[in-house]
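2 protein chains.
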Amino acid sequence: MNTYAILVAGGKGLRMGTDLPKQFLTLAGKPVLMHTLEAFQKADASTVLILVLPMNQQAFWADLCVRHGFKVPHRLADGGVTRFDSVRNGLEKVEDNGLIAVHDGVRPLVSAELIRRCFQAAASEGAVVPVHEVSESLRKVEGKGSRAVDRSLYRAVQTPQTFQSDILRKAYEQDYRGTFTDDAAVVEAAGYHISLVEGIPENIKITTPLDLLLAEQLLKR
Amino acid sequence: MNTYAILVAGGKGLRMGTDLPKQFLTLAGKPVLMHTLEAFQKADASTVLILVLPMNQQAFWADLCVRHGFKVPHRLADGGVTRFDSVRNGLEKVEDNGLIAVHDGVRPLVSAELIRRCFQAAASEGAVVPVHEVSESLRKVEGKGSRAVDRSLYRAVQTPQTFQSDILRKAYEQDYRGTFTDDAAVVEAAGYHISLVEGIPENIKITTPLDLLLAEQLLKR
Chain A
1 MNTYAILVAG GKGLRMGTDL PKQFLTLAGK PVLMHTLEAF QKADASTVLI LVLPMNQQAF
61 WADLCVRHGF KVPHRLADGG VTRFDSVRNG LEKVEDNGLI AVHDGVRPLV SAELIRRCFQ
121 AAASEGAVVP VHEVSESLRK VEGKGSRAVD RSLYRAVQTP QTFQSDILRK AYEQDYRGTF
181 TDDAAVVEAA GYHISLVEGI PENIKITTPL DLLLAEQLLK R
Chain B
1 MNTYAILVAG GKGLRMGTDL PKQFLTLAGK PVLMHTLEAF QKADASTVLI LVLPMNQQAF
61 WADLCVRHGF KVPHRLADGG VTRFDSVRNG LEKVEDNGLI AVHDGVRPLV SAELIRRCFQ
121 AAASEGAVVP VHEVSESLRK VEGKGSRAVD RSLYRAVQTP QTFQSDILRK AYEQDYRGTF
181 TDDAAVVEAA GYHISLVEGI PENIKITTPL DLLLAEQLLK R
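Protein chains in written order, with our numbering: chain A, 1 to 221; chain B, 1 to 221.
The following block holds chain A by itself, in its conformation from the complex (with noise of 0.2 angstroms):
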């Protein structure tokens, strides 16, 4: 089956005297992004990987492609104002059906495995997001105070959260709310069910200068 994967990089800034976006942020020699390319290249050569960004960043990344001689063929769409609209300018790209996994740019430990265990359950369950144990307990914030909540029953989200390409695009003909915070979240307010796998550890998102450091220690093993 033809499989696809947009990668969102929706870091944003490059305006000056703005910070630099983390999907370019420097690890272990090359910006964030190009790992995260390189491991759903590493999975399978023959996935369409699209990758969304800003249209004020793109001349940027393809300055940086030169210089690195980065050879990893991907499509570019443009970063919208949401991270939904962005994932639909992604899924624009996809111009045939198959499986289509949605990645956090910034997610660049992704392992080959995951991504194709993410795959093979999309194919037979429709809808699959990887999650892990979460490892802290949890309090649910309710009006002026908060409570205790079961740790055990909640799960942290992961990407690729992976989707047959007909659920996904029937999905994101919804309007947007402010509920969609991942694409799960999307395909299950259309009706669909989701499945879960299994997630790994060290796909951590890197969003703080703690989880760039955590990702260089995780590179060097």
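A portion of the hints provided could be inaccurate.
Pairs involving identical chains hold if they fit within one copy or between any two copies, as the list cannot separate such chains.
What the hints assert, rightly or not - In silico EDC-like pairs for lysine to aspartate or glutamate, Cα to Cα no more than 20 angstroms straight-line: (1) 205 x 133; (2) 30 x 63; (3) 140 x 150; (4) 12 x 175; (5) 144 x 133; (6) 205 x 150.
Since the hints were made in silico from the structure, they are not lab data.
Add chain B to chain A, keeping to what the hints say.
For chain B alone, coordinates are given in the frame of chain A:
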């Protein structure tokens, strides 16, 4: 006001053939637990430190203290079967009234500032836990399925969880329940209100090799 810290080191092991419990892993040249004790001493040298350790680890700990020339004064209490039992045993070593912080022994990177913030808030609020935002999307398992929940309504709970001594003692008169995953849950079940203060991202719990790697990097900064 008198201040006490009950440091719970629950990691099992040390019999033949088992792994070294996390609390004894070497972090920047010394056992994790020594960092934790030092953090509380640094926050306030007058705080009485109570280390709760399984009985079969206490001789090993005494030996470690000699070998590392570790001089931070502390009392020992016996670890119990559950965390609830361990905290209760630690509580018996508190002979006076005051403020009591209960802290995970495997959170060595807690800052003096956070410890002081928790004691200060507990003095006025009664029962305080440090929390931080949940960084990943959450799903709740329900029956055979799961559903997306709004992660902005949830907080990940850290320690030190800090209480006025009369509140904590009253709470620990209850019989144990399976839902008592942290002290806030115990105190809340006894009918008290829990206040939240802002935690710090560095205050990680060392439960995996990745966590230890990250802690090493954080200490180097």
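Comparing the hints with the structure gives:
no., hint, in the structure
1, 205 x 133, "both (15 angstroms within a copy, 14 angstroms between copies)"
2, 30 x 63, "within (13 angstroms within a copy, 46 angstroms between copies)"
3, 140 x 150, "both (10 angstroms within a copy, 10 angstroms between copies)"
4, 12 x 175, "neither (23 angstroms within a copy, 52 angstroms between copies)"
5, 144 x 133, "between (28 angstroms within a copy, 17 angstroms between copies)"
6, 205 x 150, "between (24 angstroms within a copy, 18 angstroms between copies)"
Violated hint for the displayed structure: number 4, the only one.
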